[in-house]
Amino acid sequence: MAEKVLMKGNEAIAESAIRAGCRFFFGYPITPQTELAAYMAKRMPKEGGTYLQAESEVAAINMVYGASAAGARVMTSSSSPGVSLKSEGVSYIAGADLPCLIINIERGGPGLGSIQPSQSDYWQATRALGHGDFQMVVYAPSTVQEMADLAYSAFDIADKYRTPVMILGDGMLGQMMEPVELPERRTELPEKPWATTGHGNARPKNVANSLYLVAEELERTNFERFERYAQIKATEQMCEQVDCDDADIIVVAFGASSRIARTAVRYAREEGIKVGLFRPITLWPFPADALSATCDHAKAFLSVEMNMGQMVDDVRLVVNGRAPVDFYGRTGGVIPTPAEVLDKIRQINEGLGE
Amino acid sequence: MAQAEEKLVYERPHSLAPVVTNYCPGCTHGIVNRLVAEVIDELGIEGDTIGVSPVGCSVMMYNFYNCDFLEAAHGRAPAVATGVKRVHPDKVVFAYQGDGDLASIGMAETVHAATRGEKITIIFINNAIYGMTGGQMAPTSLPNQVTQTSPYGRDVTTAGYPVRVCELLSSLDGVAYLERVCVDSPKNIRKAKKAIKKAFQNQVDGIGYSLVEVVSTCPTNWGMTPTDAFEWMRENMLPYYPLGVYRDVVAEGYANAAEAAAARAAACPIAMAENPQLDEIHAALPSKAKVEAAQAAVPGLNTPKEGGDR
Amino acid sequence: MEEMRVVFAGFGGQGLLFAGKVVAYAGLIEDREVSWLPSYGPEMRGGTANCSVTVSDEPIGSPLIMDPTALIAMNQPSLLKFEETVVPGGIILADTSLITRIPERDDITVFELEATNMAEDAGLKGLANIVLVGKLLKETGFCSVESIEAAIRKAVPPRKAALIEKNLQALKLGMEG
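Residue numbers (this note's numbering), protein chains in the order written: chain C, 800 to 1153; chain B, 96 to 405; chain A, 8 to 184.
Simulated from the structure, these hints should not be mistaken for lab results. Be aware that one or more of the hints could be misleading.
Said to hold, decoys possible - In silico BS3-like cross-links for lysine-lysine, where the CA-CA straight-line distance does not exceed 27 Å:
#, chain 1, residue 1, chain 2, residue 2
1, A, K145, A, K161
2, A, K161, C, K841
3, C, K845, A, K179
4, B, K292, C, K1004
5, C, K803, A, K167
6, A, K173, C, K803
7, A, K179, A, K167
8, A, K173, A, K161
9, A, K88, A, K145
10, C, K845, C, K991
11, A, K161, A, K179
12, C, K841, A, K167
13, A, K161, C, K803
14, C, K1004, C, K1032
15, C, K1032, C, K959
16, C, K841, C, K803
17, A, K132, A, K88
18, A, K145, C, K845
Here chain C stands alone, though its shape is the one from the complex:
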């Protein structure tokens, strides 16, 4: 077993990505993802890779487009306002079926917002970050270890399905240090026969493109892409369940807010309340199958988020009227406390007795 080290979430993502074979990083400075880019600036030249500080977020994501089409494992990272700027490029990347990793270390919004941790980009990430018919795989780690693990496997998923993948973190997870065991270095990477590498007079030309002027052609490529999405939905849903088996109340929370919810659930269990934590690890595809199964016994759901109530939409879609779905959240960069969540759980529990 590799030695555990203390690392910031931002740094763990960066190191893990390098170990996954990522040698190209294009970004633009923004708080609170700063350490990620700084780590890459330090490490990439020593790995024979490229760290390039682009003139803008827009340029950075388009460099990712170019490097991905050229066959490389490539990533960019930013925080909420910067991710909005990247949305153009993300749409083109999805439209051209190119793999890449995009990191969003969220801060409060809208607008310039705050620089404190937030989860208010859930809709943006899961409802398609950019124009057009597309989705991307979105991971929501809740520990530094998980940030490292998901950054590593995200490249495989991106390559397998030829899709952009996002890791949705926040300022708290990015800035905090926890013990982490880093993955082994990848020595072999998948072949990319579709890449625009120069045909070397040895194969027909490759083209990276999202333009289809004939409507039926575009419809066909969108149908094909959504067949891949169906596969992703069927096989890539991830979640963690804590004490859900006998729970009357299921608290649903992801990322940083799931840590607070976990503490609140522990306190509530100590009070004898039958409550569990359901933590989506993939936000898209939403772990609908596992959550739906809890409806067999759960009498109430509570979505806890660091926003005004975004994931709660997906919880309601899955629960589909089988039980009441409540919401508790703080926004603007305010982090809810376990005590606040515990109060909400108690309230719901009292309601169940009636």
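Given chain C, put chains B and A in place with the hints provided.
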């Protein structure tokens, strides 16, 4: 009876695909597309070339060429080309952009790719109008030029002045070569081809960022016949956008853009300081010779210098 | 062992983030759950800086500490900002080289230590942070002496390895203080 000997005087360049383009009759895109293809053939680099097409009338260029191609978002071609070139520093990467793409929505990408000294080639078509969307004012539209969105003529008091791209970029240290040409006559077409060839050769030789601006026409949106359009271009555009070489570090006596930049910064202590840390990083990078040796060892990756059958 | 939640607070440049890292590493070495969370943003540049360190046997929920069991305060504004948050039964370590007004709460224990002066007098300028870590260890016994020493060796970056010895001296000073 003696067989008449067949002499081939003109054919489609190998790197140009046998397809019908979407260009209007009399449009200069067709000429410049062909010149680029001829240069690719003559340099024997089709297998090593990766093109980037813009948004605008030449958006479909990826269909017109036989080399690998990417289609970029509006204005982002230099950023996309940067991404490709950083992954494949040994390949030839070019972007082809119009004036709206390069000098308006993509100005940041244009200026920064140039100042970074990306070793890419840019072919810039300046016809002073947005063609694809139907004739709107461009960043290079002339004062008083009537377009769909400057119906009373470009009003410099509200719309400002046109951008002279070669002049603007000539101040940047990352730039190796800038030339403005036009394609209104066989003589000028030959000059344009020479410039385009140089811009590609510079990249093959690792000299630095090269851009060729082609002062062009848009008969359709200008509302003129092709010959009238050329006449209008000569009368109005060339005085505003004088033809000529705006930067050529090799002609100035430098080996490449980096050497020219160093000469310019000679009086700046930090810019000229020794940097052993960077020296170490650069020394660890695979040299061109090492890359070529590694490629030679892989069957099928060799690129013949002339043409090439597939 | 009880969960220990420490807030380190003071001016930027006093080495509070590093002190927190030493405590977190000590927890890691003893194979316990640990988290370290800094305040970040413009407040880092001047003003008060702080970090939250939790050492626990349970998976750690929020790494942001709102109810510390211990507060290490290295200036008056930080003490004022955080003294009310300390849980009853908790402790405050106050660097009285820089703090004049001491909290009057009777449900917590306040340890006064002229850490900055002690460090300077001992030729350990700038290591008041580690003197206070020594004091924290003495008063809470949250880990073994071997673990905290090993933590210092781990937390000091290789290019500053020459400072390890001085850090160990500062630690000892605090443990005796």
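Hint check: C/K845 vs A/K179, CA-CA at most 27 Å. Holds or violated? 39 Å, violated
Between B/K292 and C/K1004, is the straight-line Cα distance small enough, at 27 Å or below? 22 Å, holds
Straight-line Cα separation of C/K841 and A/K167 no greater than 27 Å? Since the Cα atoms of C/K841 and A/K167 sit roughly 18 Å apart, the hinted pair holds (cutoff 27 Å).
C/K1004 and C/K1032 were given as a pair; does the straight-line alpha-carbon distance stay at or below 27 Å? 32 Å, violated
Going straight from one Cα to the other, do A/K145 and A/K161 come out at no more than 27 Å? Holds, because 21 Å separates the two Cα atoms, which is no more than 27 Å.
Can you confirm whether the C-alpha distance between C/K841 and C/K803 stays at or below 27 Å? The given pair, whose Cα atoms are some 21 Å apart, holds under the 27 Å limit.
Taken at face value, is the distance from the CA of C/K841 to the CA of A/K161 at most 27 Å? 20 Å, holds
Quickly compare the C-alpha distance for A/K179 and A/K167 to 27 Å and report which way the hint goes. With Cα atoms ~20 Å apart, A/K179 and A/K167 stay inside 27 Å; holds.
CA of C/K803 to CA of A/K167, is that 27 Å or under? The given pair, whose Cα atoms are some 21 Å apart, holds under the 27 Å limit.
Given the hinted pair A/K132 and A/K88, is their Cα-Cα distance within 27 Å? 26 Å, holds
Tell me if the straight-line CA distance from A/K161 to C/K803 falls inside 27 Å. Between A/K161 and C/K803 the Cα gap is close to 12 Å, so the pair holds against 27 Å.
Hey, A/K161 versus A/K179, does the alpha-carbon distance stay inside 27 Å? It holds: about 17 Å lies between the C-alpha atoms, which stays within 27 Å.
Violated hints, in rising order: 3, 14, 18; the structure is consistent with all others.
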